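Chain by chain, the residues run as shown.
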Amino acid sequence: MPPLFLISLFTVTGVVALLVGLRVHVTRSREGKMLAFVALLALPVIAAGLGFNTHMERAQSTTFCLSCHAMGDYGKSLYIDDPSYIPARHFQNNQVPSDRACYTCHTEYTMFGGVKAKTKGLEHLWVQYVKGAPKPEDIKLYEPFHNSQCLHCHLGARRFEEGSAHNKVPGLLEQIKSEQKSCTSSGCHEFIHDVASLKDATFWKPKSEAAKQ
Amino acid sequence: MSEPDVSTSAASSPHIERKIKWASALIGAGLFVQLGSFLWVHPISFVLFLVVGCPLVGLGVLLYLLSLLD
Chain R
1 MPPLFLISLF TVTGVVALLV GLRVHVTRSR EGKMLAFVAL LALPVIAAGL
51 GFNTHMERAQ STTFCLSCHA MGDYGKSLYI DDPSYIPARH FQNNQVPSDR
101 ACYTCHTEYT MFGGVKAKTK GLEHLWVQYV KGAPKPEDIK LYEPFHNSQC
151 LHCHLGARRF EEGSAHNKVP GLLEQIKSEQ KSCTSSGCHE FIHDVASLKD
201 ATFWKPKSEA AKQ
Chain S
214 MSEPDVSTSA ASSPHIERKI KWASALIGAG LFVQLGSFLW VHPISFVLFL
264 VVGCPLVGLG VLLYLLSLLD
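Quick note, the sequences are listed as chains R and S, same order.
Heads up, the first sequence is in this note's numbering, so the first residue is 1 and it goes up one at a time.
Heads up, the second sequence is in this note's numbering, so the first residue is 214 and it goes up one at a time.
Honestly, I wouldn't trust all of these hints.
Straight line, CA to CA, 16 Å or less: simulated EDC-like cross-link-like pairs of lysine to aspartate or glutamate [unchecked claim]:
| hint | chain 1 | residue 1 | chain 2 | residue 2 |
| --- | --- | --- | --- | --- |
| 1 | S | Lys-234 | S | Asp-283 |
| 2 | R | Lys-181 | R | Glu-143 |
| 3 | R | Lys-116 | R | Glu-57 |
| 4 | R | Lys-33 | S | Glu-230 |
| 5 | R | Lys-33 | S | Asp-283 |
| 6 | R | Lys-199 | R | Asp-73 |
It should be emphasised that the hints constitute simulated quantities derived from the structure, not laboratory data.
Remember, predicted model here, so these are calculated numbers, not experimental data.
Chain S extracted, bound-state conformation (with noise of 0.2 Å):
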């Protein structure tokens, strides 16, 4: 009998990748907001990255690893 193929996963739901989809574009808006915050040396650009860019890289994260355990 042979083993069933770990390697491909035809079971990876829409669903999944839906969060996938969402997890990257969060973090890519996420990045987007964090490299913009270095052109300004000015107080509103550390609020912006931390207050705006952390948390949609963080929220993306979460997505992702929520994905995992789908």
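Isolated chain R (complex conformation) (with noise of 0.2 Å):
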């Protein structure tokens, strides 16, 4: 839910700008002229704007983003029990903040990559209602995942600086760095959400919900 503070501006706006037009004659005066500015103008575009500010955050939320019912088993996925996967292990301890855990991830790191990531977000409404929804499995990414977007967190940090696996062959935590070696695709975090296999996986029930059942 949006704060009340915004559920009462919206209230307030229309209603006042609703009066002001059940009421037109209060604006021949000087007094009037001044209300219907703030009720005709200024007031819609300040709540407009608060509004679409929510909803951008609002949309970067897990639970907006697992809504649409091609993305259920992505959801599900991070719920598998098994640490190779990538997403599931970063959702379950934390690595990633719970309530934004596919925003965190599936947006580049830049200026403009949550505008970027809105107007994907559009196009997939587009596939969703009028082209038709492909099955969970066949959605593919637009272009191979960037190691920037796994680099964002783990860059600096002891574990991915001196991992004995990372630092292996001379040069490969560089070629890492510089996007020449994957961090996904080249068979070292190969398990991503693989929602063709959810069928055979087994999950992971966090405590909280294990406990009101």
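The two chains are supplied separately, each in an independent frame; assemble them into the complex guided by the hints.
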């Protein structure tokens, strides 16, 4: 739910705007003109701006991403009980914020990364409702997963910089950092969502959820 | 000679008032749609906000601004 402040702002703005329309004769006085300016220009613009900002923030939430049917299996894959599955390991160990699990790894960390992700999101809506959604296992990334999205957090971390696997070959670390060697598709961290094999997987049940049952 | 009273405008034509009424209705409808879009965390609600709510509010604001020019 949006903050109470936002709901109040929209309600008050709407009511005042409608009242100005219903009692339009008040706009004949100077005070009425000022009221009309606030009710029909200033407040609606502020409300719409804050509303847009709220929607942009909500669009980064895990709930938002998984609200599309085609993404359901990808959400399920975050609970695979196998640490070799990279998204599952990150999600289950709070290495990504659980409420922004998808967005944390699937947006580019550039100035307009978020905007680019939203534009792509609008394309996904078109595919979902007009062209017809593909099967979850047929959904592919537009381009190979960039190391920069991993390095945003891992670069400089001791475990990454000094890890034996990353240093077993001279120059390997530099190849990873310069995107010459992919973290995910070079055979090192190759288990990602792998939704095609979900039916054979076992799943982790968080203690909080297990206690509810 | 007394100054004309600028605080009230008897010349506020029905034409201007009609525009303000329409502006108010459009803005009210737009804000209602935008408020409704917050009830549901889904891409469709974002599109509803952007494609229906924002143009309604925008059109209302534009109409109000046009009424100022009359």
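Going through the hints against the structure:
At roughly 15 Å between alpha-carbon atoms, Lys-234 (chain S) and Asp-283 (chain S) fall within 16 Å of each other, so this suggested pair holds. For the proposed pair Lys-181 (chain R) and Glu-143 (chain R), the alpha carbon gap of about 15 Å is at most 16 Å, so the pair holds. Straight-line distance between C-alpha atoms of Lys-116 (chain R) and Glu-57 (chain R) comes to about 14 Å, which keeps the hinted pair within the 16 Å bound. The suggested pairing of Lys-33 (chain R) with Glu-230 (chain S) holds, with an alpha-carbon distance near 11 Å, which does not exceed 16 Å.
Using a Cα cut-off of 16 Å, the hinted pair Lys-33 (chain R) and Asp-283 (chain S) holds, with the two alpha carbons roughly 14 Å apart. Distance check on the hinted pair: Lys-199 (chain R) and Asp-73 (chain R) sit about 10 Å apart at the alpha-carbon level, within 16 Å; holds.
In this structure, every one of the numbered hints holds.
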